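Quick note, the sequences are listed as chains B and F, same order.
Mind the numbering: the first sequence is residues 1 to 291 in the working numbering, read in order.
Mind the numbering: the second sequence is residues 292 to 546 in the working numbering, read in order.
Treat the hints as calculated values from the structure; they're not laboratory data.
Incorrect hints may appear among the rest.
[Unchecked claim] Computed list of lysine to aspartate or glutamate pairs in DMTMM-like fashion (alpha-carbon distance at most 20 Å, straight line):
no.	chain 1	residue 1	chain 2	residue 2
1	B	K86	F	E379
2	B	K163	F	D355
3	F	K356	F	D344
4	F	K403	F	E418
5	B	K169	F	E501
6	F	K314	F	E522
7	F	K319	F	D354
8	F	K314	F	E294
9	F	K348	F	E299
10	F	K348	F	E294
11	B	K163	F	D365
12	B	K169	F	E379
13	B	K86	F	E343
14	F	K314	F	E299
15	B	K163	F	E501
16	F	K361	F	E382
17	F	K407	F	E475
18	B	K163	F	D405
19	B	K169	F	E383
20	B	K169	F	E364
21	F	K407	F	E418
22	F	K403	F	D354
23	F	K314	F	D355
24	F	K361	F	D405
25	F	K356	F	E317
26	B	K263	B	D211
27	F	K314	F	E379
28	B	K117	B	E31
29	F	K348	F	E501
30	F	K348	F	D359
31	F	K356	F	E294
32	B	K86	B	E130
33	B	K117	B	D214
34	B	K163	F	E317
35	B	K117	B	D211
36	B	K86	F	D344
Since we're looking at a predicted model, the values are computed, not measured.
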Amino acid sequence: MFSQLIISGIAIGATYALMALAMVIIYKTSEVLNFAQGDMAMLSAFVAYFILEDQGLGFAAAFPLALLFAFCLGAVLEFGFLRRAKEPTVLGLIIITLGLQMILYGLASWRWGSDQKNFPFPVSDFEVHEILPGAVISDLNLVTLGWALLLMLLLFAFFRYTKLGVAMKATQQNHVVARIMGIRVNRILMLTWGISSMVGASAAFLIASTDTLDPNLMWNPQLKGFSAAVLGGMTSLPGAVAGGFILGVIENLFGGYVSVEFKSVVAFAVIVLILCVRPSGLFARHYVRKV
Amino acid sequence: MLEVRNIETLYGLVMALRGVSLKLSENKITAILGANGAGKSTLIKTVMGLIEDQPDKGAIWLDDKRIDGKDTEDIVRLGLAYVPEGREVFEELTVLENLLMGAYTRGGSHGKADLKMVYGLFPRLAERQRQLAGTLSGGEQQMLAIGRALMMRPRIMFLDEPSLGLSPLLVREIFHTIRLVNRELGTTILLVEQNANMALSVCHHGYVMENGRFVLAGTPQELMSDEDVREFYLGVRSEVSVKGFQRYKRKKRWR
Ligand SMILES: Nc1ncnc2c1ncn2[C@@H]1O[C@H](COP(=O)(O)OP(=O)(O)O)[C@@H](O)[C@H]1O
Ligand SMILES: [Mg+2]
């Protein structure tokens with residue numbers, strides 16, 4: 001039982017980690033908590049569903065197209081809404097993301113209704129492998145884990161080895177100095193939102209395939225992703241990933257041994273605990289800022 | 292070359308520059324001296340397009356192109372590099388990454404040669420290239436900030452108080468490098484300094500700024516022999532006893 005809970009925890013933790021990554025990528029560049037993150041992902045999952053079911057295209061076309069949609073959605077929201085704010089405060093920007101969340105939710109409910117849909121997926125949650133005595137992992141779990149790890153690897157490589165990735169990190173640290181280097185900060189922000197939206201969308205595809213698809217799909221994962229991000233210090237990508245896995249496992253263990261009803265509350269208990277012991281999160285690095 | 296014509300810059304309702312004109316000479320070092328709050332940094336920021344909707348009046352020309360009102364990102368691409376006051380390196384990037392960001396606008400294969408040039412000027416950066424910039428000492432950060440600007444291979448480089456907070460030995464080292472860059476690379480330099488001694492020792496031409504306007508200009512020799520510069524910027528007391536009268540006359544000349 002214990003090893004099974006751990007394994008399922010890791011699998012679900014992978015989706016939290018993806019959501020946490022998505023939120024941290026935006027938070028680092030603009031200090032905005034993006035409350036629309038979950039519903040941007042949800043809408044992208046609906047677009048994937050639309051391409052698969054209504055257009056009858058295969059997975060090989062549907063997922064890349066839906067990810068492309070996710071990228072454009074993120075970029076358009078940044079360009080069309082957040083950038084319009086004149087001399088924005090962080091709080092003002094956060095309110096804008098709350099508004100966007102409502103718009104996206106309304107849009108999905110209006111177009112697709114609120115009934116639960118079966119989200120088709122190429123691998124099944126019922127094909128299982130016994131990897132430890134008494135503990136199984138499904139094909140879908142494996143794909144989830146593999147995709148999450150691959151995406152993380154790609155993101156780390158992008159931020160470490162490409163000029164654009166380093167420029168994004170530079171922009172995150174200081175917009176003014178980035179501009180002095182000739183980095184077009186507005187474009188970087190758009191790109192940030194696009195990439196973040198894609199990461200979130202891929203989490204939504206995986207979550208929708210274990211579950212069903214409806215406009216409330218990402219409500220819980222977004223909260224978990226946010227918790228995982230806080231756990232990891234809000235500004236650290238490895239921290240967000242670790243936070244996601246830790247949260248998934250703890251939550252599952254709690255659900256298995258203590259109480260299923262309060263399983264979801266664990267995330268917040270963990271956050272409160274962490275914030276009491278290490279206010280900057282488990283993985284945050286801190287530099288003394290000059291005044 | 293760069294020419295600033297009678298610009299005025301406002302911060303809200305406060306006028307920080309009140310009609311400033313300046314001409315840089317190609318391949319030369321020009322220095323601006325002035326006390327804290329005189330408007331030296333504001334002048335550079337205005338030229339770099341970093342103060343939104345400013346200058347309010349006047350014009351800034353580069354060769355035969357007018358550059359005021361352009362975006363900073365585009366001004367940089369015309370060959371203007373800026374080493375801001377307080378260094379402002381990217382603390383959470385490595386030394387190498389900082390330098391590569393300096394070369395952000397330059398595509399292609401120049402990177403390697405330029406990196407070698409910068410490491411040649413500042414061997415200490417080469418030793419620390421994998422280290423995070425936030426962990427460097429103040430002097431090393433200043434070297435990094437200058438090196439990063441040089442990676443742009445700029446025509447013109449603005450240096451805002453490069454000696455701020457550095458030990459005398461390091462200050463000398465930095466100024467030595469500034470002179471070297473000017474001579475070897477032919478970079479035109481605008482140097483803003485409170486350390487008048489040092490600035491006048493390297494520059495070919497100098498300006499003195501007070502309250503948002505230039506009150507004096509000349510060669511370093513001329514400036515060094517000026518009574519007020521000697522008294523207020525170089526810390527040399529004048530021997531004249533009837534001070535009140537003299538001061539009055541000088542003040543009048545400045546206006
Ligand atoms: N962001 C700002 N907002 C309002 N006033 C400013 C700002 N920056 C500078 N000032 C004012 O403009 C004047 C010139 O400042 P600055 O150019 O930084 O002087 P310096 O670099 O010569 O020390 C000062 O009176 C300063 O208080
Ligand atoms: Mg200044």
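Going through the hints against the structure:
This hinted pair does not check out: K86 (chain B) and E379 (chain F) have alpha carbons roughly 26 Å apart, beyond 20 Å. Using a Cα cut-off of 20 Å, the hinted pair K163 (chain B) and D355 (chain F) is violated, with the two alpha carbons roughly 33 Å apart. About 18 Å separates the Cα atoms of K356 (chain F) and D344 (chain F), which keeps this hinted pair within 20 Å; it holds. Restraint check for K403 (chain F) and E418 (chain F): the C-alpha separation of about 16 Å stays at or below 20 Å, so the hint holds.
Under the criterion of a C-alpha separation no larger than 20 Å, the hint pairing K169 (chain B) with E501 (chain F) is inconsistent with the structure, at around 39 Å. For a cut-off of 20 Å, the pair hint linking K314 (chain F) to E522 (chain F) is broken: about 26 Å separates their Cα positions. The straight-line distance between the Cα atoms of K319 (chain F) and D354 (chain F) is roughly 16 Å, inside the 20 Å bound, and the hint therefore holds. For the hint pairing K314 (chain F) with E294 (chain F), the CA-to-CA distance comes to about 5 Å; that is within 20 Å, so the pair holds.
Between K348 (chain F) and E299 (chain F) the CA atoms are separated by roughly 5 Å; this keeps the pair inside 20 Å, and the hint holds. Restraint check for K348 (chain F) and E294 (chain F): the C-alpha separation of about 14 Å stays at or below 20 Å, so the hint holds. With a C-alpha separation of about 19 Å, the suggested pair K163 (chain B) and D365 (chain F) falls inside the 20 Å cut-off, and the hint holds. Proposed proximity of K169 (chain B) and E379 (chain F) is supported: the alpha carbons are some 15 Å apart, at most 20 Å.
Simply put, K86 (chain B) and E343 (chain F) have alpha-carbon atoms about 12 Å apart, close enough for the 20 Å limit, and the pair holds. Between K314 (chain F) and E299 (chain F) the CA atoms are separated by roughly 16 Å; this keeps the pair inside 20 Å, and the hint holds. Proximity of K163 (chain B) to E501 (chain F) is assessed by CA-CA distance (about 42 Å); at most 20 Å being required, the pair is judged violated. For the hint pairing K361 (chain F) with E382 (chain F), the CA-to-CA distance comes to about 28 Å; that exceeds 20 Å, so the pair is violated.
The straight-line distance between the Cα atoms of K407 (chain F) and E475 (chain F) is roughly 14 Å, inside the 20 Å bound, and the hint therefore holds. Between K163 (chain B) and D405 (chain F) the CA atoms are separated by roughly 16 Å; this keeps the pair inside 20 Å, and the hint holds. Taking the CA atoms of K169 (chain B) and E383 (chain F), the gap is near 8 Å; set against the 20 Å cutoff, the hint holds. The hinted pair formed by K169 (chain B) and E364 (chain F) meets the criterion: a straight-line CA distance of about 17 Å does not exceed 20 Å.
Annotation: proposed proximity of K407 (chain F) to E418 (chain F) holds, straight-line Cα distance about 12 Å (limit 20 Å). Taken as a hint, the K403 (chain F) and D354 (chain F) pair is broken in the structure, with Cα atoms around 30 Å apart against an allowance of 20 Å. Restraint check: the Cα-Cα separation between K314 (chain F) and D355 (chain F) comes to about 13 Å, which is no more than 20 Å; the hinted pair holds. With a C-alpha separation of about 27 Å, the suggested pairing of K361 (chain F) with D405 (chain F) is violated against the 20 Å cut-off.
The suggested pairing of K356 (chain F) with E317 (chain F) holds, with an alpha-carbon distance near 16 Å, which does not exceed 20 Å. Proximity of K263 (chain B) to D211 (chain B) is assessed by CA-CA distance (about 17 Å); at most 20 Å being required, the pair is judged to hold. As the CA atoms of K314 (chain F) and E379 (chain F) are separated by approximately 27 Å, the hinted pair breaks the 20 Å bound. Only pairs whose Cα atoms come within 20 Å are accepted, and K117 (chain B) paired with E31 (chain B) is rejected, the gap being roughly 35 Å.
Of the supplied pair hints, the one linking K348 (chain F) and E501 (chain F) holds, its CA atoms being roughly 19 Å apart against a limit of 20 Å. A threshold of 20 Å between alpha carbons decides the hint, and for K348 (chain F) with D359 (chain F) the separation of about 10 Å falls inside it, so the pair holds. Only pairs whose Cα atoms come within 20 Å are accepted, and K356 (chain F) paired with E294 (chain F) is accepted, the gap being roughly 10 Å. Restraint check for K86 (chain B) and E130 (chain B): not satisfied, since their Cα atoms lie roughly 56 Å apart, outside the 20 Å limit.
Between the alpha carbons of K117 (chain B) and D214 (chain B) the distance comes to roughly 6 Å, so the proposed pair stays at or under 20 Å and holds. The hinted pair formed by K163 (chain B) and E317 (chain F) fails the criterion: a straight-line CA distance of about 32 Å is larger than 20 Å. With a C-alpha separation of about 9 Å, the suggested pairing of K117 (chain B) with D211 (chain B) holds against the 20 Å cut-off. At roughly 14 Å between alpha-carbon atoms, K86 (chain B) and D344 (chain F) fall within 20 Å of each other, so this suggested pair holds.
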